[in-house]
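Spelled out from the first residue to the last, the chains are:
Number of protein chains: 2
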Amino acid sequence: MLAEKKIEVELHEERYWEPTAEFLRRNPAGKVPTLKFDGKFLADSQAICEYLEERVPSPPLMPSTAAARYEVRRLVFWFDDKFHGEVTTKLVHERVNKRIMGQGYPDSRNVKSGAQAIKQHLDYMENLLENRRWLAGDVMTLADFTAAAHLSCLDYISDVDWNRSVVVKDWYAKIKSRPAFRTILADVIPGVPQPPHYADLDF
Amino acid sequence: MLAEKKIEVELHEERYWEPTAEFLRRNPAGKVPTLKFDGKFLADSQAICEYLEERVPSPPLMPSTAAARYEVRRLVFWFDDKFHGEVTTKLVHERVNKRIMGQGYPDSRNVKSGAQAIKQHLDYMENLLENRRWLAGDVMTLADFTAAAHLSCLDYISDVDWNRSVVVKDWYAKIKSRPAFRTILADVIPGVPQPPHYADLDF
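So the protein sequences, as listed, match chains R and B. Here the first sequence is numbered in our numbering, starting from 1 and rising by one per residue. Here the second sequence is numbered in our numbering, starting from 1 and rising by one per residue.
Just so you know, these hints were derived from the structure itself, not from any lab. Computed from a prediction, not measured in an experiment: that's the story for all the values here. Just so you know, not all the hints are guaranteed correct.
Same chains, same names: a pair is fine if it fits in one copy or spans any two.
[Unchecked claim] Result set (DSS-like, lysine-lysine): computed pairs, CA atoms no more than 27 Å apart in a straight line:
(1) 98 x 112
(2) 82 x 31
(3) 98 x 6
(4) 6 x 112
(5) 40 x 82
(6) 82 x 98
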């Protein structure tokens, strides 16, 4: 979102699972991301995104009618709540976070459950995208970046079957070619090599 | 929120843990609440509240500046995400939902952990309320109703120690006397008698 709005940002690594007192002062919820903006620390990705949209309205990532904004928010929560709980934590947390946090090996029941759930979610996205150019309607919104944030993490560990749906793959190809995705596609997780298809625009 | 905005509503019980096909059509996320408004089904409490605020702006439950709205959203997510996960599910789900859903007895480790966590949350609310009239600032907002929604459920099962903080108790007394709370204080859960202090304005 910052890149789409051309807001420059300097990234800092935060070991939020070993929170320092200073980090908890910035965000008592103990979660990432936090953002320093105009000298003030902000927390919670959804609250931050709504604030940035109000403060830096151009280019818009929210549509212009109340009904369309409702649909964006519904989908943002869908991905950050339902998809996150059923898929992202079951796969990314098990395979990557646990290793980095020194919490041992993936729990195979969780991995199995996440691998099953992502299929239904890709089908749901396909249903949406069969009638819309973007996830929440005919313009690109925060809902697309929220979904893509989850999917790019899963794609890094090769947990997305792009052959399941042509429309979902086409949608992700559009997102992948956005300027905002450049740094995301350059990400490297220590100890987990980037698979060749991850940054490839013709995946 | 509906009562504050004088939107009349007819309530329907939904056994979301045994979802019907019709319910999943209304909300594919399979969660409550859903709201039929202007003939359209809406889902996700936060997306619904933002939509109602835009469609029925009076009386306002969001403040007028972007910075103040950020703080409301941060706290709404605090209660619906962090507080919900650390406290509400650990106590209300264990003691009430499981019984109604026929899922057996409370897990005492969860109950213990929720009873511990609520203390820290009440202290955090006290910190906020020592410098503000309401949770997110000097006007009553959606953040207050979100927090009160969780606390009223916990208060029904006598899991809130109102003696822990005078300012939090005073804040809840103000909320409790709102017209919006009249039906909430009349709620009765089948099989769980309402404790005498629950609906008492001088608790």
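Checked hints:
| no. | hint | verdict |
| --- | --- | --- |
| 1 | 98 x 112 | both (16 Å within a copy, 26 Å between copies) |
| 2 | 82 x 31 | both (18 Å within a copy, 10 Å between copies) |
| 3 | 98 x 6 | neither (33 Å within a copy, 48 Å between copies) |
| 4 | 6 x 112 | neither (39 Å within a copy, 47 Å between copies) |
| 5 | 40 x 82 | between (30 Å within a copy, 22 Å between copies) |
| 6 | 82 x 98 | both (21 Å within a copy, 21 Å between copies) |
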